[in-house]
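J.: Here is how the chains run, residue by residue.
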Amino acid sequence: MNSKEVNISKSKTWALLKRALAFVFIVFIADLLTGEALRHFYFRQESGQLYRTTYSVDSTEADAVIFGSSRANHHYKPGVLADKPGMEVYNAGREGNFIFYHYGVLSAVLERHTPEIVILDFVRGEFRYNSSNYDRLSSLLPYYRDHPEMRETIQLKSKLEQLKLASCIYPFNSMILTVAAANAGMYESDKDENGYIPLHGEWGEEIGTGKVPDLYDIDTTAVETYRSFLEDCVRAGTEVYVFCSPVFLNYTYEDLSVTMGRRIAEELGVSFIDLSNEPRFLSDPGLYWDVYHLNDRGAEKYSEVIAAIISGDDK
Amino acid sequence: MPFNSIEYIIFLILTTVGFFITPHRVRWLWLLAASAYFYSRSSIIYLGVFILILVFNYLASLQIAKKNGRGKKRTFVVTILVNVAILAFFKYSGAFNSIIEDLAGWDDSFFAYIAFPLGISYFVFTLLAYLIELKRGKIVAEKHPGIFLSSFMFFPKIAQGPIERPSNIMPQFRERHSFNTGRTISALKLIIWGLFKKLVIADRLAIYVNTVYNNHDYHNGTSLLLATIFYSFQIYADFSAYTDIAIGSGRLMGFELSKNFKRPYFAASIKEFWNRWHISFSLWLRDYLFLPLAYWFTGKFREVTDFTRAIEKLVYALAIIITFFICGLWHGEGLNYIIWGLLFGVGLTFANYTRSLGRKIRKKAGVSKLSLGLRLFNVLITFLFVSFAWIFFRSDNITVAGEIIAKVFGDHGSLFIGKPSDIIFSVAGVFMLFVIELRQEIKTGSHLPFESEKWLPEQLFYALLIVLILMLGVFDGGQFIYFQF
Numbered sequence: 001m002n003s004k005e006v007n008i009s010k011s012k013t014w015a016l017l018k019r020a021l022a023f024v025f026i027v028f029i030a031d032l033l034t035g036e037a038l039r040h041f042y043f044r045q046e047s048g049q050l051y052r053t054t055y056s057v058d059s060t061e062a063d064a065v066i067f068g069s070s071r072a073n074h075h076y077k078p079g080v081l082a083d084k085p086g087m088e089v090y091n092a093g094r095e096g097n098f099i100f101y102h103y104g105v106l107s108a109v110l111e112r113h114t115p116e117i118v119i120l121d122f123v124r125g126e127f128r129y130n131s132s133n134y135d136r137l138s139s140l141l142p143y144y145r146d147h148p149e150m151r152e153t154i155q156l157k158s159k160l161e162q163l164k165l166a167s168c169i170y171p172f173n174s175m176i177l178t179v180a181a182a183n184a185g186m187y188e189s190d191k192d193e194n195g196y197i198p199l200h201g202e203w204g205e206e207i208g209t210g211k212v213p214d215l216y217d218i219d220t221t222a223v224e225t226y227r228s229f230l231e232d233c234v235r236a237g238t239e240v241y242v243f244c245s246p247v248f249l250n251y252t253y254e255d256l257s258v259t260m261g262r263r264i265a266e267e268l269g270v271s272f273i274d275l276s277n278e279p280r281f282l283s284d285p286g287l288y289w290d291v292y293h294l295n296d297r298g299a300e301k302y303s304e305v306i307a308a309i310i311s312g313d314d315k
Numbered sequence: 001m002p003f004n005s006i007e008y009i010i011f012l013i014l015t016t017v018g019f020f021i022t023p024h025r026v027r028w029l030w031l032l033a034a035s036a037y038f039y040s041r042s043s044i045i046y047l048g049v050f051i052l053i054l055v056f057n058y059l060a061s062l063q064i065a066k067k068n069g070r071g072k073k074r075t076f077v078v079t080i081l082v083n084v085a086i087l088a089f090f091k092y093s094g095a096f097n098s099i100i101e102d103l104a105g106w107d108d109s110f111f112a113y114i115a116f117p118l119g120i121s122y123f124v125f126t127l128l129a130y131l132i133e134l135k136r137g138k139i140v141a142e143k144h145p146g147i148f149l150s151s152f153m154f155f156p157k158i159a160q161g162p163i164e165r166p167s168n169i170m171p172q173f174r175e176r177h178s179f180n181t182g183r184t185i186s187a188l189k190l191i192i193w194g195l196f197k198k199l200v201i202a203d204r205l206a207i208y209v210n211t212v213y214n215n216h217d218y219h220n221g222t223s224l225l226l227a228t229i230f231y232s233f234q235i236y237a238d239f240s241a242y243t244d245i246a247i248g249s250g251r252l253m254g255f256e257l258s259k260n261f262k263r264p265y266f267a268a269s270i271k272e273f274w275n276r277w278h279i280s281f282s283l284w285l286r287d288y289l290f291l292p293l294a295y296w297f298t299g300k301f302r303e304v305t306d307f308t309r310a311i312e313k314l315v316y317a318l319a320i321i322i323t324f325f326i327c328g329l330w331h332g333e334g335l336n337y338i339i340w341g342l343l344f345g346v347g348l349t350f351a352n353y354t355r356s357l358g359r360k361i362r363k364k365a366g367v368s369k370l371s372l373g374l375r376l377f378n379v380l381i382t383f384l385f386v387s388f389a390w391i392f393f394r395s396d397n398i399t400v401a402g403e404i405i406a407k408v409f410g411d412h413g414s415l416f417i418g419k420p421s422d423i424i425f426s427v428a429g430v431f432m433l434f435v436i437e438l439r440q441e442i443k444t445g446s447h448l449p450f451e452s453e454k455w456l457p458e459q460l461f462y463a464l465l466i467v468l469i470l471m472l473g474v475f476d477g478g479q480f481i482y483f484q485f
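Same order as they appear, the protein sequences are chains S and W. End of the first sequence sits at 315 in my numbering; the numbers just go up one at a time, nothing left out. End of the second sequence sits at 485 in my numbering; the numbers just go up one at a time, nothing left out.
This is chain S alone, in the form it adopts within the complex:
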C-alpha cells in the first residue's frame, strides 16, 4: 500500500468513525428526550392503574396499607376497614403482581412513612416458581431512578437489568398508550376508593372443587422476599397481617406455599389467617365475580370480617 492509499484509507476510516460517533450521539439524544417525555407524562397521570402504583410508592400516608395481587385489590374495602374516625386505609394491590412487586412497593412506603397496619393478601401457590413473576417487575421500572430502596428488588427482574436501565426509555417500555390514555383523562371514569376497585356482577355457578395441583418447584427467592416483607414490617414496628382471602372452591388439600407462608409468619410472630375456605363465603355464589374474585358485595362482607379480626372482635 503506497502512502496515498494509506491516506485515503485513513480518511475513510476517520469519516466512518465520525459517523459512528454521530450515530451514538443521535441515539443518546433520542433516548434522553423520548425517555424524559415519557417520564414527565407517566408521573402526570391522575387516574388509572399506573397512577395508583405511583400514589402507593410516592404519596400514601395511610394508617393501614393493603398489599397483594388483583385479589387484594378487589377484596379489601378501605372504607369498611377504617374502623375508627380519621383512620386512613389505602389499597395498594395491583393485578397480576406477586410478592416481588409487593415488597418493592413496601420498601418505598417504609422509606418515608410507617403505617400502623400492613395487610398482605397471600395466594395459594404464591411460592410456585414462575419466570413471568419476575417479568412483572417491569411495573416498578419507572421508580428505579428515584427510589434506591427499590433497586435490589427491581434487579431481580433479570441479571443485566441495570444495563438496560441505562436507557431513559426502557423503564417506560410498552406503556406509551396507557400513559397517553391516562393523560387524556380516559381512566377518570373508573374511580377507585382509596385504591380499591369494585367488581360488579355475580358468579352464577355452583361451587366447584379445587384441583389438587402437581407438586411444584418452590421459588426460594420468592420465599426469601416474603420473609423480608414481614421482617421489614416487624422491624418498623408495623402490625402485619397475612390473609388468604376467600375462593369459591372447596379445597381438599393444604397448599405447600400456604404451609410455608404460615410457618414463616409464625416464626416472626405475625398473624397468618387462611380464610380461603371460610364457610361464610362458600355458600353464596352471589358474593363472587368469578371463582377467584369477590364482587363488591362480597368485598364488603369480607372487609367487615377482616376489620373485626384486626380489632379483636372476631376470634
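Any given hint might turn out to be false.
What the hints assert, rightly or not - Below, in silico cross-link-like pairs of lysine-lysine (PhoX-like), each with a Cα-Cα straight-line distance of 25 angstroms or less: (1) W/K419 <-> S/K191; (2) S/K18 <-> W/K454; (3) S/K10 <-> W/K454; (4) W/K66 <-> W/K143.
Since the hints were made in silico from the structure, they are not lab data.
Place chain W on chain S using the hints.
T.: For chain W alone, kept in the frame of chain S given last:
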C-alpha cells in the same frame, strides 16, 4: 443464550474483538471456543454429544475421501444412516416413548428422559450436506480437524441455521478476514433490524396469538382467524429476525452466511413461496431429496430437465409429496406437522396439474400473465393458503387444528381484544414490516430495511428503530420459535 438477550450482545462484542486480535492461524480455535461456550449455555452435555458426532463425521469423511468404489459407498451409506439415526433418536424420543408405553405399558422408558438438543436438526442436515457433496466429488474433505469442528459449530448458525453448504462456509474459515468498517456497519444494521423484528413485531404478535391459541376452547372463529393471520407474521418476523442476527453476527467477523428469506409473503404461488421461505432448507430439500428422488423415479438420472410430460408429472407429484412429507416430519413427530408438509406437497402438485387450465382461463378472461391485478390476487391466495397451513403448524396436535379450522369457518362472533395496546402495537408492527418490505420488493431489492445515499436519513432511521425497540419491544418474549426444531 438467545440472540435477543443482552448477554448475547456482550458475548458477540467480546467474540468479535477477540477474533480480530487473535492471529489468523489460530482464529479457528477462538471461534471454536466461543461457539462451544455459546452452545454450553444451552446444555453442556449436548455440547459433548455434538463434539462426538463431529469427531465421528470427521473420521468418516476422511475415509469416504480416501476410499473408492464399493468401500466408499458403504462408508458413505453407513455414515448417513448413523447421522439420521442420531437425529431420529433425539428428535422422536417422545414418539418412541409413546410406542413403548403402548406396547409394554412403561410410561417412563429411557426415551422419556431424552431432552431435545438445541439445533440438532440443523446440525445433522448440515453434516448430511457435507457428506453428500463429498460423495458427489463436489468438495474435498476438510483435513484440518480444527476448521472442520469450528465451521460446523459456528455459533451464529448452530441453533437455527441457515443450513450452510460446506462449499460456502468451509473456505471462509481458511480466508484471512480483516476488520472492515463498511461491512461492520452493514452487519450492525442487519442486527438492529433483526432485533426490531423479533422484539417489536414477533414477540408482540405472540402475546395475542398465544392467548388465543393456548385457550382456543374459549375463543370464537373471528379471534382465531385474527390469531392465525397474526401467527403468519409472527413466525416470519421471528424466524427472519433470527436469520438476520445470525448473518449480521457472522458478517461482523467477515463470514457471509446464506440468505434464508426473501419477503415470502409477496410470493404469487406456493412454489415461489418456498423459493423465498427458509431458503437454505428449501434448497437442501431440493438438492438432496427432491431431485435424487425424481431422478430415481424416472430412471433418467441427470438427463431429465423438465417435467412437462404426463409420466413426469406423476414422478414430480410423487417426489414432491415425499419431499414435503419429510419436510413436515423434520419439523416434529406430530401428525399436524406431517399434514402441514403434505398440504404444500398437494398444493404444488395441484398447481402443476392445473397450470395449463389456468393459462386457458387467463386467455379467455383476457388477463395478461404480467397483469398487476392478477399478481396481487395470486399473492393474496398464496398468503391465505400458507396461513391456513400454519394452523396445523401452530396447533398442539391434529385434533386441536381441526377444532380451530371448524371455528374459523363457522363460528364467528365478537373479536377478543385482550389488552387493546397489544393489538394496536401488533397491527402497527405488521404495517411497518409490510411498508418496508414492499419498498424492498418493488424498489431496492436490498436485504436491509433502509438505504440512502445520504448518511443522515440512514442514521435517523436506525436510531428510530432503536428507540422503537426500547419503547415497544417485548423484552420478556423468550426464545425464537424455530429453536424447538
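J.: Look at each hint and say if it fits the structure.
T.: Hints versus structure:
1. W/K419 <-> S/K191: holds (20 angstroms)
2. S/K18 <-> W/K454: holds (14 angstroms)
3. S/K10 <-> W/K454: holds (21 angstroms)
4. W/K66 <-> W/K143: holds (11 angstroms)
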